[in-house]
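Chemist: Guided by the hints, dock chain B onto chain A, whose structure is given.
Protein chains in written order, with the UniProt record's numbering: chain A, 1 to 288; chain B, 1 to 288.
Hints listed in this document are in silico derivations from the structure and should not be mistaken for laboratory results.
Model, not experiment: these values are computed from the prediction.
Certain hints may be false.
[Unchecked claim] Derived SDA-like pairs (lysine to any residue); straight-line CA-CA distance at most 25 Å:
| id | chain 1 | residue 1 | chain 2 | residue 2 |
| --- | --- | --- | --- | --- |
| 1 | B | K251 | B | G95 |
| 2 | A | K251 | A | P229 |
| 3 | B | K251 | A | E14 |
| 4 | A | K252 | A | D154 |
| 5 | A | K251 | B | E14 |
| 6 | A | K251 | B | S7 |
| 7 | B | K251 | A | N4 |
| 8 | B | K251 | A | R40 |
| 9 | A | K251 | A | G95 |
| 10 | A | K251 | B | T45 |
| 11 | B | K251 | A | E5 |
| 12 | B | K252 | B | D148 |
| 13 | A | K252 | B | N4 |
| 14 | B | K252 | A | A11 |
| 15 | B | K252 | B | R210 |
| 16 | B | K251 | B | L205 |
[What the hints assert, rightly or not] Which residues of chain A face chain B? A partial, calculated answer using Cβ under 10 Å:
| id | residue |
| --- | --- |
| 17 | V12 |
| 18 | P20 |
| 19 | S30 |
| 20 | L35 |
| 21 | R40 |
| 22 | I42 |
| 23 | E43 |
| 24 | T57 |
| 25 | E69 |
| 26 | S80 |
| 27 | T208 |
| 28 | K252 |
| 29 | S253 |
| 30 | R287 |
Every residue gets a Cβ at the ideal spot worked out from N, C-alpha and C, and that includes glycine.
2 protein chains.
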Amino acid sequence: MDFNELSATPAVVESFARTPDPRLREILGSLTRHLHDFVRDIEPTMEEWEAAIGFLTRTGHASTDTRQEFILLSDVLGVSMLVETINQRKSAGEGATDSTVLGPFHMVDSPEREFGDAIDLIGSGEPCVVTGRVVSVDGTPLPGAMVDVWQADDQGFYDVQQPGEQPQGNGRGLFETDGEGRFRFRTVVPAHYPIPTDGPVGGLLNATDRHPYRPAHIHFIAAAEGHQPVTTHVFVQDSPYLESDAVFAVKKSLVQEFTEVDDPARAAGYGVANPFRLANFDIVLQRS
Amino acid sequence: MDFNELSATPAVVESFARTPDPRLREILGSLTRHLHDFVRDIEPTMEEWEAAIGFLTRTGHASTDTRQEFILLSDVLGVSMLVETINQRKSAGEGATDSTVLGPFHMVDSPEREFGDAIDLIGSGEPCVVTGRVVSVDGTPLPGAMVDVWQADDQGFYDVQQPGEQPQGNGRGLFETDGEGRFRFRTVVPAHYPIPTDGPVGGLLNATDRHPYRPAHIHFIAAAEGHQPVTTHVFVQDSPYLESDAVFAVKKSLVQEFTEVDDPARAAGYGVANPFRLANFDIVLQRS
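So here's chain A without its partners, still in its complex pose (with noise of 0.2 Å):
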């Protein structure tokens, strides 16, 4: 009945031998693995395994309806984002558009909006409209894919994390792409960011000597029927931390640059103040 610090691991992965769900039983025999393997790696003491149940039940009392410290800790360890470059290749097609992070704050429904709506429901920071189409990798248009987009405030905000500040849905617009597979709204150039630092991640960031910044970005889901759906960001081209992202998200093909345009007929066209930037981005969706 004694096991030793080698056949601890046969002996827990046995123990999962009747598990009904093959891809399950899968799951658990590797994570009991490499989770031993850790273990015998690092060889933690007492104390610092004692630190880790800390630190993992502090993650999780951090997270709340509109707080996702998991996320955040799965992003900041690079986890999400080997996830999602796993997913993408097993989708990938010629010239689909590269996908990125979740992040923790798409928790809550992006409210239906308009073609050419404004997702910005404040005014202040600088005026910006993103325009893009949804076509299929051989560029025929999606007409009625859904964009869902999302973003920081200019203050680097979302509105989940100021409750009392935001209106509810600032900075959010669930967008139906038009008879061209054409979307279009208004906001304001989102700024970077710190991912929020008062929690055990900020903690893990801080004692670690890393900065907590992301390089300034709109988050987009764009599902169409018949194709893979694409979980992305633009980049705002000229923003710092394009080369130290805290969650390691940035691809090159993902930057895109927000053209200042002076053109009061243009901005009136747009229902935007003059001047103000604009930005393109396209998004080009796998058949699945």
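Modeler: Using the frame of chain A, we list chain B on its own:
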């Protein structure tokens, strides 16, 4: 700035390179490598990644001042026992008492009690006397050693699991050994019991067709000046589940006979009803 499935790992390890504490840097580098290996091994879908985030979050939420679901998770994955075994190897001395897992129920201070006191405050269940000595590896008795004990009642529940039904401190006691290194207490024979099954870890056992039972045992932490403390159990020899402990914690050397004694004079001497059960558990500590 893009990283791929392999370059992700050195990029994240490098992000921890400025960690001032070298041990923390070592742990996080190893964690990153093993966690990424696990992800590359199973190639989780986004839905599986979300399920993992949800499981960890629920495990955090199930942990309170009197319940520790992450310790329970560590226990059922064999991690607690592996960490214990590694630490015992490091501090092992010839003939020192084997350690085993702390378990999730050592969350409150045990009340100080005197030699021979009862830790059972209810009075149902089979009466039992536990005796023993704390000695150094060379056999020298250790007077003034502290012996912290805690156990489930005859129904298989700890006091912290039944705050309304069991008096606080039931089944717990902190004893100081006498001039000859001896300790003694009255109790009831503990029952084998299921670990808590109403949380995420119970869900995991259920989904994997694993039983949740632990063989009957009494927890001990023994500590004496100049010696390594030991966290261990004494297991009841005739208990079921000695061969399939849900948390992998049984060691042969820790299984003791709980002898049936039918002797009114001895029962009176101990202050228990006749007949009763008698167990002896000597604890041998390694010098520090």
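Chemist: Hint by hint, note whether the structure agrees.
Modeler: Status of each hint after checking the structure:
1. B:K251 <-> B:G95: holds, 14 Å
2. A:K251 <-> A:P229: With Cα atoms ~18 Å apart, K251 of chain A and P229 of chain A stay inside 25 Å; holds.
3. B:K251 <-> A:E14: holds, 18 Å
4. A:K252 <-> A:D154: Holds. K252 of chain A to D154 of chain A sits at ~23 Å (cutoff 25 Å).
5. A:K251 <-> B:E14: holds, 18 Å
6. A:K251 <-> B:S7: holds, 13 Å
7. B:K251 <-> A:N4: Roughly 10 Å separates the two Cα atoms, so the pair holds.
8. B:K251 <-> A:R40: Holds. K251 of chain B to R40 of chain A sits at ~20 Å (cutoff 25 Å).
9. A:K251 <-> A:G95: Holds: K251 of chain A and G95 of chain A sit about 14 Å apart, inside 25 Å.
10. A:K251 <-> B:T45: holds, 20 Å
11. B:K251 <-> A:E5: holds, 13 Å
12. B:K252 <-> B:D148: Judged against 25 Å, a Cα distance of about 22 Å means the pair holds.
13. A:K252 <-> B:N4: Distance ~12 Å between K252 of chain A and N4 of chain B Cα, so the pair holds.
14. B:K252 <-> A:A11: holds, 16 Å
15. B:K252 <-> B:R210: holds, 22 Å
16. B:K251 <-> B:L205: With Cα atoms ~22 Å apart, K251 of chain B and L205 of chain B stay inside 25 Å; holds.
17. V12: holds, 4 Å
18. P20: holds, 7 Å
19. S30: holds, 5 Å
20. L35: holds, 6 Å
21. R40: This hint holds: R40 of chain A lies near chain B, its Cβ roughly 7 Å from the closest one there, short of 10 Å.
22. I42: Where the cut-off is 10 Å and the nearest Cβ of chain B is about 5 Å from I42 of chain A, the hint holds.
23. E43: Because about 5 Å separates E43 of chain A from the closest Cβ in chain B, which is inside the 10 Å limit, the hint holds.
24. T57: With a minimum Cβ separation of about 5 Å from chain B (threshold 10 Å), the hint on T57 of chain A holds.
25. E69: With Cβ-Cβ at 8 Å, under 10 Å, it holds.
26. S80: Holds - the Cβ of S80 of chain A comes within 10 Å of chain B, reaching about 7 Å at its closest.
27. T208: holds, 4 Å
28. K252: holds, 6 Å
29. S253: With a minimum Cβ separation of about 8 Å from chain B (threshold 10 Å), the hint on S253 of chain A holds.
30. R287: This hint is violated: R287 of chain A lies away from chain B, its Cβ roughly 18 Å from the closest one there, beyond 10 Å.
Violated hints amount to a single one, hint 30; each of the other numbered hints is respected by the structure.
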